[in-house]
Amino acid sequence: MTLTARGETRETEVCIIGAGAAGGIMALELARRGIRVTVLESGPRHDFARRADYTRRFIKGENPWQSRLPGLDRHTTSGDVEYRLEWNRARGVGGSTLHWEGYALRFHADDFRMRSLHGTAEDWPLSYDDLEPYYGRAERALGVAGTSDDPWASPRSTAFPLPAFPMSFSDGLFTDACRRLGIGLHHLPQARNSIAYGGRMQCRACGTCHVCPTGAKASTDLTHIPQAESTGYAYVLTEMTVLRLEADRGGLVRSAVYAGSDRRERRLTARVFVVAAGGVETARLLLLSASPDFPNGIANWSGLVGRYFTSHPLIDVTGRVDTRVYPYRTGFSTAMSNQFAARRDRKKRGAFYLEFMNSAGPLPHQIAASSGAWGPELAKRVREEFGRTLGIRVYTEQLPDTGNSVTLDGTVKDYFGNPVPRLTYGIGPYERAAMAEAQEVAEGILRALGAKDIRTGAAWYASHQLGTHRMGRAPTSSVVDQNLRAHDVPNLYLVGGGCFVTASASQPTLTIAALAIRAAEHIAEVLRGA
Amino acid sequence: MYSLIVTRRRLLAVFVAAAGALLALLLLWRPARLARLTSRLFKPRLDPTTPTGSLSESELDTILAFAALLVEGRELSAEERGYLVEHVSERTAKTPGYLALYRKTAGVLDGLAAGRFRSLPFAERVNLITRHGLTRYDVRIREHLLPVRREILAVRALAVPDLIGGYYASPAGWAAVGYATFPGRCGELARYTRAEA
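Protein chains in written order, with my numbering: chain A, 72 to 601; chain B, 310 to 506.
It should be emphasised that the hints constitute simulated quantities derived from the structure, not laboratory data.
In this text, a Cβ means the ideal position worked out from N, Cα and C, and glycines have one as well.
Accuracy of the hints is not assured; some may be wrong.
Away from chain B, derived, C-beta distances all over 10 Å, residues of chain A [said to hold, decoys possible]:
(1) 300
(2) 301
(3) 559
Simulated restraints on C-beta separations [stated by the list, open to error]:
(4) 499/B x 120/A: 23 to 29 Å
(5) 338/B x 497/A: 32 to 38 Å
(6) 386/B x 158/A: 33 to 39 Å
Please build the complete structure, drawing on both the sequences and the hints.
Pasting the structure below:
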């Protein structure tokens, strides 16, 4: 352990704020190169031995990943759609990978060129080809199961490290219907062990992926942080929340001010700072770090920190079928279609992909509670009604919009007395046009299956918080460069989904991981060069 | 000729007629809103100011004797009883209002039985709860306005759905649909690829 302490001030080479997907990966990538890293994590180190208890709590409707400190997760909302964070982020070593679905999709080459190809939004400052080798490394590190049967996927130079999960019973029904309609259905790649891998066991279909009881789903508390710590170069301080960053007159960050449950302020000094606290908290921390030299917050010369808050609007389309479909035997889906996610005109409406759900429809207790029956008739009703619903979930691309934002709400304070984040969010016509098309496609598939009582749920949103410190070439229109270095603070890196320029329709975590590996490589080069 | 003298009786008649007309107008104009308003005003609710804690053993036995009729219509196995005990105990210990609700439910049942409900033979228990409508948990809005005992309505509207929901959310609910493994109980991975036996 190379950490040194001088009273209330510690020092390290690289300070990483957040031990989630991006922070955990960066910690390992830097530590394995012999760079001293200290990770400050606001949440606890969740004891893996307690997963069974966490699973039980999750089933009872509790979210075990929320902060234990009262008020730390507080936030306010505004806008057309109320974007809540209670079930949409996780605090602790592992961060959002503790509760993610594990879907590990690459972006498509088109996704990086929205302005060039479709005349809308912006191009990324890097291309799919630039990121492709890092995707491969991220897939190996997380253990992604898949197969190259997706005709719309962009080229890949390496095979999936794990075999794909077999299609489910209900996927078989969807496959037939999609074939008749000319819709391509293929495997859904996921960072979940289809076979034992990386010292973690094969998935046992426990059905509670929000809390994976076996560790078969990749999460950085299992895949990256222990490896980073075992190098002797990484040290993780848990239950320590960073309150602000302090910069010197030369425009470099000098220290991270942090505190634990005792609210006592400490300082960590470092040569390089990496903020990897998720799209909401990273933006908030930068805004909280305002000072006379940085009146709008650190790294916010462009005024874009917190702007362009983006997610993936969702809809579920369900239908009732006569045959039994045996849902709720896994917590994840195994088939999807990228047919509408790439190689299409995206000027007026977004891309979307279809997830063919392995679990849809009412649960036994929901059938029971709404049946009005009792006694033997009740049990019979539950038996007869269960397992006759098929569902398709649609993930839609959202365009960046300056109206959607993360700002500070000074009227409400968190545990430490800091203003909480205010999330302003709405779903615009671009996304709604894609959802309308997606609904038509999904309903068509369900009709082809002979489904009745076809319904589309209200639009909601994924647990993806993107775009709040976007990447770009110009300091006037972006916050970080293609290496995720802040334009106006040379020793500050902002990693995670906040750096996305556009959202794609795909899940963001694999792209977050690939970008984090690439940024770590860059930081190592900078430090070595220095 | 009509007399213009306003008597108390006439005033009352006018008031009742006006109230009736207003109600009829409301019913015709906004029936859904009126139903919501009635429901909001009169629907039984948990009292969050009451403490959490545990039921006595006899109270719990009474609740289980009632629940067995509702959820399966037969005596429950020890395992099935265990699921209900876990559910009710967790409710009363963690969520304010449930201890009072279940205590009240046990009291109502013993009151109807004029003794110990749990000691009645199975058929008598069934007879009692059907006679008093305790199996009708889809309480209609108009029932809130009828002279039905508030305690009975609270049992029907709150306790019965909670017992049914709790039981069918447990492994017993999954057993009812033929699943030996289910969310929270891990099993063989490939099972999801085929139809259930």
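Results of checking the hints against the structure:
1. 300: About 28 Å separates residue 300/A from the closest Cβ of chain B, which puts it past 10 Å; holds.
2. 301: About 28 Å separates residue 301/A from the closest Cβ of chain B, which puts it past 10 Å; holds.
3. 559: Label holds. Min Cβ-Cβ 48 Å, cutoff 10 Å.
4. 499/B x 120/A: 23 to 29 Å: holds, 28 Å
5. 338/B x 497/A: 32 to 38 Å: holds, 34 Å
6. 386/B x 158/A: 33 to 39 Å: holds, 35 Å
Comparing the model with each earlier hint shows no violations; every hint is respected.
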